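Protein chains in written order, with UniProt numbering: chain A, 1 to 362; chain B, 1 to 362.
Some hints here could point you the wrong way.
Copies of the same chain look alike in the list, so a pair counts if it works inside one copy or between any two.
Unchecked claim - Cross-link-like lysine to aspartate or glutamate pairs, in silico, EDC-like; alpha carbons within 20 Å at most:
(1) Lys89 <-> Glu154
(2) Lys345 <-> Asp120
(3) Lys150 <-> Glu284
(4) Lys310 <-> Asp279
(5) Lys345 <-> Asp146
(6) Lys127 <-> Asp334
(7) Lys262 <-> Glu273
(8) Lys357 <-> Asp220
For the record, the hints were derived by calculation from the structure and aren't laboratory data.
The structure presented is a predicted model; accordingly, all values stated were derived computationally and were not measured.
Protein chains: 2
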Amino acid sequence: MSEFRLQKTTFGWQGLIEAYRPYLPVSAATPVVTLLEGNTPLIPVPYISQLIGRGVRVFVKYDGLNPTGSFKDRGMTMAISKAKEVGAKAVICASTGNTSAAAAAYARRAGMRAFVLIPDGYVAMGKLAQALVYGAEVIAIEGNFDQALKIVRELSDNYPITLVNSVNPYRLEGQKTAAFEIVDVLGNAPDWLCIPVGNAGNISAYWMGFCQYRQQEKCDRLPKMMGFQAAGAAPLISGQPISHPETIATAIRIGNPANWEKALAAKEASQGEFNAVTDAEILEAYRILASHEGVFCEPASAASVAGLLKVRDRVPSHATVVCVLTGNGLKDPDCAIKNSNNAVKSGVAPDLSAVAKVMGFE
Amino acid sequence: MSEFRLQKTTFGWQGLIEAYRPYLPVSAATPVVTLLEGNTPLIPVPYISQLIGRGVRVFVKYDGLNPTGSFKDRGMTMAISKAKEVGAKAVICASTGNTSAAAAAYARRAGMRAFVLIPDGYVAMGKLAQALVYGAEVIAIEGNFDQALKIVRELSDNYPITLVNSVNPYRLEGQKTAAFEIVDVLGNAPDWLCIPVGNAGNISAYWMGFCQYRQQEKCDRLPKMMGFQAAGAAPLISGQPISHPETIATAIRIGNPANWEKALAAKEASQGEFNAVTDAEILEAYRILASHEGVFCEPASAASVAGLLKVRDRVPSHATVVCVLTGNGLKDPDCAIKNSNNAVKSGVAPDLSAVAKVMGFE
Numbered sequence: 001m002s003e004f005r006l007q008k009t010t011f012g013w014q015g016l017i018e019a020y021r022p023y024l025p026v027s028a029a030t031p032v033v034t035l036l037e038g039n040t041p042l043i044p045v046p047y048i049s050q051l052i053g054r055g056v057r058v059f060v061k062y063d064g065l066n067p068t069g070s071f072k073d074r075g076m077t078m079a080i081s082k083a084k085e086v087g088a089k090a091v092i093c094a095s096t097g098n099t100s101a102a103a104a105a106y107a108r109r110a111g112m113r114a115f116v117l118i119p120d121g122y123v124a125m126g127k128l129a130q131a132l133v134y135g136a137e138v139i140a141i142e143g144n145f146d147q148a149l150k151i152v153r154e155l156s157d158n159y160p161i162t163l164v165n166s167v168n169p170y171r172l173e174g175q176k177t178a179a180f181e182i183v184d185v186l187g188n189a190p191d192w193l194c195i196p197v198g199n200a201g202n203i204s205a206y207w208m209g210f211c212q213y214r215q216q217e218k219c220d221r222l223p224k225m226m227g228f229q230a231a232g233a234a235p236l237i238s239g240q241p242i243s244h245p246e247t248i249a250t251a252i253r254i255g256n257p258a259n260w261e262k263a264l265a266a267k268e269a270s271q272g273e274f275n276a277v278t279d280a281e282i283l284e285a286y287r288i289l290a291s292h293e294g295v296f297c298e299p300a301s302a303a304s305v306a307g308l309l310k311v312r313d314r315v316p317s318h319a320t321v322v323c324v325l326t327g328n329g330l331k332d333p334d335c336a337i338k339n340s341n342n343a344v345k346s347g348v349a350p351d352l353s354a355v356a357k358v359m360g361f362e
Numbered sequence: 001m002s003e004f005r006l007q008k009t010t011f012g013w014q015g016l017i018e019a020y021r022p023y024l025p026v027s028a029a030t031p032v033v034t035l036l037e038g039n040t041p042l043i044p045v046p047y048i049s050q051l052i053g054r055g056v057r058v059f060v061k062y063d064g065l066n067p068t069g070s071f072k073d074r075g076m077t078m079a080i081s082k083a084k085e086v087g088a089k090a091v092i093c094a095s096t097g098n099t100s101a102a103a104a105a106y107a108r109r110a111g112m113r114a115f116v117l118i119p120d121g122y123v124a125m126g127k128l129a130q131a132l133v134y135g136a137e138v139i140a141i142e143g144n145f146d147q148a149l150k151i152v153r154e155l156s157d158n159y160p161i162t163l164v165n166s167v168n169p170y171r172l173e174g175q176k177t178a179a180f181e182i183v184d185v186l187g188n189a190p191d192w193l194c195i196p197v198g199n200a201g202n203i204s205a206y207w208m209g210f211c212q213y214r215q216q217e218k219c220d221r222l223p224k225m226m227g228f229q230a231a232g233a234a235p236l237i238s239g240q241p242i243s244h245p246e247t248i249a250t251a252i253r254i255g256n257p258a259n260w261e262k263a264l265a266a267k268e269a270s271q272g273e274f275n276a277v278t279d280a281e282i283l284e285a286y287r288i289l290a291s292h293e294g295v296f297c298e299p300a301s302a303a304s305v306a307g308l309l310k311v312r313d314r315v316p317s318h319a320t321v322v323c324v325l326t327g328n329g330l331k332d333p334d335c336a337i338k339n340s341n342n343a344v345k346s347g348v349a350p351d352l353s354a355v356a357k358v359m360g361f362e
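Between the sequences and the hints, there should be enough to build the whole structure, so can you do that?
Here is the structure:
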């Protein structure tokens, strides 16, 4: 794709691998598969800042504006580029949400096949729609999720198929670039980073990114890592795996996080905290973000803001806080319909004064 | 919001008003209401380029990655900032799609009320979900769409309410910045700009942007403006308004475009063309974009690529072509579910060789 190289200007963002090449395990031999992911906006949220007061400045890192609508694109540009480098003809994952959508988009763009393995009857088609439109081939086995995971591992051991589940080490490498972007915009690391925690990969990736930038003297401090889990899926708070996790925040509905140890290390090294937020608190933050700040995120994303509001009294005065919003609200339209507080006022007479009255202007 | 000002670095995109302030009708007195819209990726599409061949380079301007998922954010940051400047307490529109979502997000962020006026029983709730979650107040009148338009005009004449329908002149001013961004990335204007045409505002705005940049010597040429309408809603091709426009591409299902004359002038001045594409052609382009390029857009957006493919033989060899993708595919999940060619293969035995066989690896 060298013929497509763009100008290297302020405006010519070429994706996160080109932007952060010295910090990533790529070489000149790596074929870069990119949708120009990354470079997502760090949006000030003045209403939420005022709820906290005391000069605290809050921003949201709106990673829902990545090409497939979630932070998974950051890891997938790395995972797929590295898969292509070693000649993979296909990729596979056992996920049904944001990971499968990102895997399908990047794999198909690279000219590979994209497989998604799921247990029969386990998954609603709506959740898979995005992966399917990107060209994923979905296979449903007569078995459970554990069997699906076992088979995808065996496939990647025996065929030219790359596993892009969370075990793929390149994914966290790509995800860490979100920390770089925050420092590049703020000029330093924030005081606090608030982040939803499900599989615990993203909190680990952010910590890796901040530490790496600190070593390179791109920032002179490290943030306190504040991880928030949904109360019904909070193994890192209870200290043991949950066999039947339940929460409206499906993207963090995980009972036994793959990156448990890494996340714990990040929390401890940063003198951070893990806390749980209820579904009601998550939905309240979700509504505040949309209807006061104009930012529409997935329910799971709102856990970071719900958590911040929950522990607001402990935020140091004048602190700079970044809340990570991992996915786009458009991913889950049903949640929006069910949880909007607004009703339609119907049956209004079609004249100026009747409408003005309904609006409260007379 | 001055306390939120970010570093003016390569990374610190502050929204399109700050980026293009000298080109926009704003002053130091204008309170900038922004979600950091704009700066959307210009993505190379190598598969589509190869379909055309002869060294033609095709890019898509993926404006679906704006904060509310469509190009409407570009106009709305201007319209709402200007409304706030004159002390408006509310905004109103008679739209039900992308405009109402953008209006609600920006108005609520500015602390204003956002009203959407619709005819009773006319609109499916799904289409309004995004506006509602952003906090829009929807009023359904016992009347038709023309009556709704008349009332919103009267309201804005008699109350501190700003009309943000397409008649608002600031919207095209904001939208023209997409042309600036394309030139800033490519280093010049493209040879062709392919764009979906419904109300014909966006094609007019792009042309205004290219002409303004040409005057400022930011580029040394102007693109041929290639406008594409859906065959069932193609008044600019037939030369007369359509009373019952029909197409799957709802965002361009418009029978009597508000900006008819401006669009015609842009076509003629640029020696461009208007052409119609069928729904089948639109859906084919929609599928190609998603499953070969990894770019998921609204059906209406795909009209630009469908049109390019339709007239591919007339593209000059080695030309640079930009196709505008106006909205995010996640806006219309039903279309994705209905028009994905992939089926789920179910009932597969849970063992390595059975799955490998289904995948075609044995």
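How the hints compare with the structure:
no. : hint              : in the structure
1   : Lys89 <-> Glu154  : within (16 Å within a copy, 62 Å between copies)
2   : Lys345 <-> Asp120 : between (43 Å within a copy, 9 Å between copies)
3   : Lys150 <-> Glu284 : neither (38 Å within a copy, 37 Å between copies)
4   : Lys310 <-> Asp279 : within (13 Å within a copy, 49 Å between copies)
5   : Lys345 <-> Asp146 : between (49 Å within a copy, 19 Å between copies)
6   : Lys127 <-> Asp334 : both (11 Å within a copy, 12 Å between copies)
7   : Lys262 <-> Glu273 : within (14 Å within a copy, 58 Å between copies)
8   : Lys357 <-> Asp220 : neither (57 Å within a copy, 54 Å between copies)
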